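Participant: In case you want the letters, here they are:
Protein chains: 2
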Amino acid sequence: MAPTDLAGPAPTDSSPAPVSAAPVPAAPLPAAERAYRAVKQAILSGESPGGRLLSEAEVGTQLGLSRTPVHEAFLRLQAEGLLDLLPRRGAVVVPVAPGEARDVLEVRRALETAAVRRLAEAAAAEREALDARLAALLADQRSLAAEQDVAAFAQADAAFHVALLEASGNTVALRLYATLADRQQRMTIGSVGRRPEHLATLVDEHRTLAALVLAGDVDGFDDAVTTHLGRTHAVLLGGAL
Amino acid sequence: MAPTDLAGPAPTDSSPAPVSAAPVPAAPLPAAERAYRAVKQAILSGESPGGRLLSEAEVGTQLGLSRTPVHEAFLRLQAEGLLDLLPRRGAVVVPVAPGEARDVLEVRRALETAAVRRLAEAAAAEREALDARLAALLADQRSLAAEQDVAAFAQADAAFHVALLEASGNTVALRLYATLADRQQRMTIGSVGRRPEHLATLVDEHRTLAALVLAGDVDGFDDAVTTHLGRTHAVLLGGAL
DNA sequence: CTGGTGAGCCTTGCATGCAAGGTCGTACGC
DNA sequence: GCGTACGACCTTGCATGCAAGGCTCACCAG
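In order, the protein sequence lines correspond to chains A and B.
Per this note's numbering, the very first residue in the first sequence carries number 22; after that it's consecutive.
Per this note's numbering, the very first residue in the second sequence carries number 22; after that it's consecutive.
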């Protein structure tokens with residue numbers, strides 16, 4: 022058994038919270054949320070690979086929770102397309118589909134270009150405010166690229182692209198975009214760190230993208246971001262450039 | 022009380038399924054699924070307007086279910102962005118945001134154009150197969166337009182656009198697109214039937230779109246679909262053309 | 001009349017219990 | 001040896017019970 026390893030210590034008693042010595046000062050986080058994050062993390066990190074059969078009781082025991090919050094977590098993950106709930110069988114981790122990388126990249130391109138299109142129609146002041154924000158993010162990326170910290174860079178990269186969506190003000194697009202980030206993380210993890218020497222190239226491309234946004238050049242952005250997304254994927258995943 | 026009217030007869034006993042005289046031969050549908058559909062329908066149809074506070078017990082009573090399946094339904098609807106769950110308060114129906122129509126339309130345009138772009142790169146045979154399918158859908162639409170059955174036409178219209186996404190083979194995009202349809206339905210319902218005399222125009226535009234897809238003219242499609250989506254929204258919603 | 005305080009009611013969070021459904025393994029018949 | 005049927009186990013579906021948290025409203029003091 023023991024398909025995954027979601028919890029640390031196995032709780033022998035059923036007390037709700039084992040006192041918790043977490044440094045987080047905030048509320049102890051509801052059980053359902055803990056279950057959700059734990060299972061999602063296990064899936065995205067590849068710890069629970071595609072095809073794995075998860076059972077509520079099993080996960081619940083490992084996390085020291087009852088089945089109820091785990092069940093709810095499974096439901097949420099099914100809605101996100103990460104889990105497939107089989108009626109009376111269990112929950113299987115949906116395997117990454119063969120062409121999923123291409124699918125995600127295409128949608129990201131479409132959403133980002135749409136965001137830039139809206140920005141191009143907005144007041145120049147709005148674009149300049151965004152540009153200032155992007156400049157700050159670029160500075161971070163430059164140092165991360167210099168340190169060749171691929172994991173941190175991946176996060177900074179995501180922040181850059183999300184900033185575009187946020188600035189566009191299209192909340193519907195932003196929500197959809199967020200689910201894509203999860204999927205991409207899942208595809209990327211496990212091969213992170215493949216090409217740290219190319220991170221600087223990605224930063225350069227980000228600078229170019231920022232300039233195109235500021236200029237309101239939608240077509241130029243569309244071309245550039247298409248290339249960029251493909252390269253990002255290649256660098257982080259270690260595929261062909 | 023009685024904010025919504027989700028159930029028909031009030032079940033006095035707690036038997037799981039009241040024999041059910043439904044003509045559907047399939048399984049009696051799980052309780053959680055029934056709760057989900059009922060609540061979603063109530064939201065999308067506008068029966069439960071934005072801002073309304075729903076309680077699990079209340080809905081459960083109306084549907085003859087316990088709180089558990091209703092709770093699960095609420096969770097799913099929150100994931101879809103239709104419900105906002107307040108920790109110990111209840112669930113409020115998320116109101117349609119002011120710019121939501123524009124947001125949805127932009128994303129639809131982006132996703133559809135992306136689909137056509139991929140189709141344009143695919144084999145011509147694939148486009149021809151799609152074209153045949155679209156032609157069949159167009160025939161349906163023509164008769165529905167003639168009958169000025171706006172509700173049925175709205176469904177046929179959705180089917181046309183979904184067919185494009187399906188044919189592209191981008192399952193990620195297709196999933197995202199499906200959630201958009203829900204939102205658009207919610208914006209549309211309540212004003213359906215405003216401009217039945219313009220349905221023929223929409224059919225014509227669909228024919229044009231189909232031709233552009235067949236020809237692989239991505240830019241032409243992008244332009245045409247942008248106009249078309251705006252007009253569709255206007256016709257079904259009764260706004261300015 | 002106004003401000004504050006307390007209790008009660010309402011809500012959900014979560015654990016548990018029971019029952020139904022499915023799968024797999026085994027034993028039996030051929 | 002092979003096919004089939006039966007049984008036990010494992011899974012989820014859902015109802016229920018208990019407890020915690022928040023809001024509202026009434027009551028009281030000033």
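These are computed hints drawn from the structure, not numbers from a lab.
One or more hints might be untrue.
Unchecked claim - Using 25 Å as the maximum straight-line C-alpha spacing, the simulated SDA-like pairs for lysine to any residue come out as follows:
| hint | chain 1 | residue 1 | chain 2 | residue 2 |
| --- | --- | --- | --- | --- |
| 1 | B | Lys61 | A | Gln99 |
| 2 | B | Lys61 | A | Gly120 |
| 3 | A | Lys61 | B | Ser164 |
| 4 | A | Lys61 | A | Gly120 |
What the hints assert, rightly or not - Computed from the model, here is a short list of chain A residues facing chain B with C-beta under 10 Å:
| hint | residue |
| --- | --- |
| 5 | Arg97 |
| 6 | Arg154 |
| 7 | Thr248 |
| 8 | Leu250 |
These figures come from a predicted structure and were not determined experimentally.
For glycine and all other residues, C-beta sits at the position ideal for the given N, C-alpha and C.
Participant: Hey, A:Lys61 versus B:Ser164, does the alpha-carbon distance stay inside 25 Å?
Facilitator: Distance of about 48 Å is beyond 25 Å: violated.
Participant: Going by Cβ atoms only, is A:Arg154 closer than 10 Å to chain B?
Facilitator: Violated. Min distance 21 Å.
Participant: Run the distance test for B:Lys61 versus A:Gly120: straight-line Cα separation, threshold 25 Å.
Facilitator: The hint is violated at about 32 Å.
Participant: Does the interface hint hold: is A:Leu250 within less than 10 Å of chain B, judged Cβ to Cβ?
Facilitator: 12 Å, violated
Participant: Would you check the hint for B:Lys61 and A:Gln99, treating anything up to 25 Å between C-alpha atoms as holding?
Facilitator: Distance of about 17 Å is within 25 Å: holds.
Participant: Would the hint linking A:Lys61 and A:Gly120 be met if the CA-CA limit is 25 Å?
Facilitator: Holds - the C-alpha atoms of A:Gly120 and A:Lys61 are around 22 Å apart, at most 25 Å.
Participant: Holds or violated: the hint that A:Arg97 contacts chain B, with Cβ atoms closer than 10 Å.
Facilitator: With Cβ-Cβ at 6 Å, under 10 Å, it holds.
Participant: Go through the hint on A:Thr248 and say holds or violated, using the shortest Cβ distance to chain B against 10 Å.
Facilitator: Status violated, d = 15 Å.
Checked against the numbered hints listed earlier, the structure breaks hints 2, 3, 6, 7 and 8; every other hint is satisfied.
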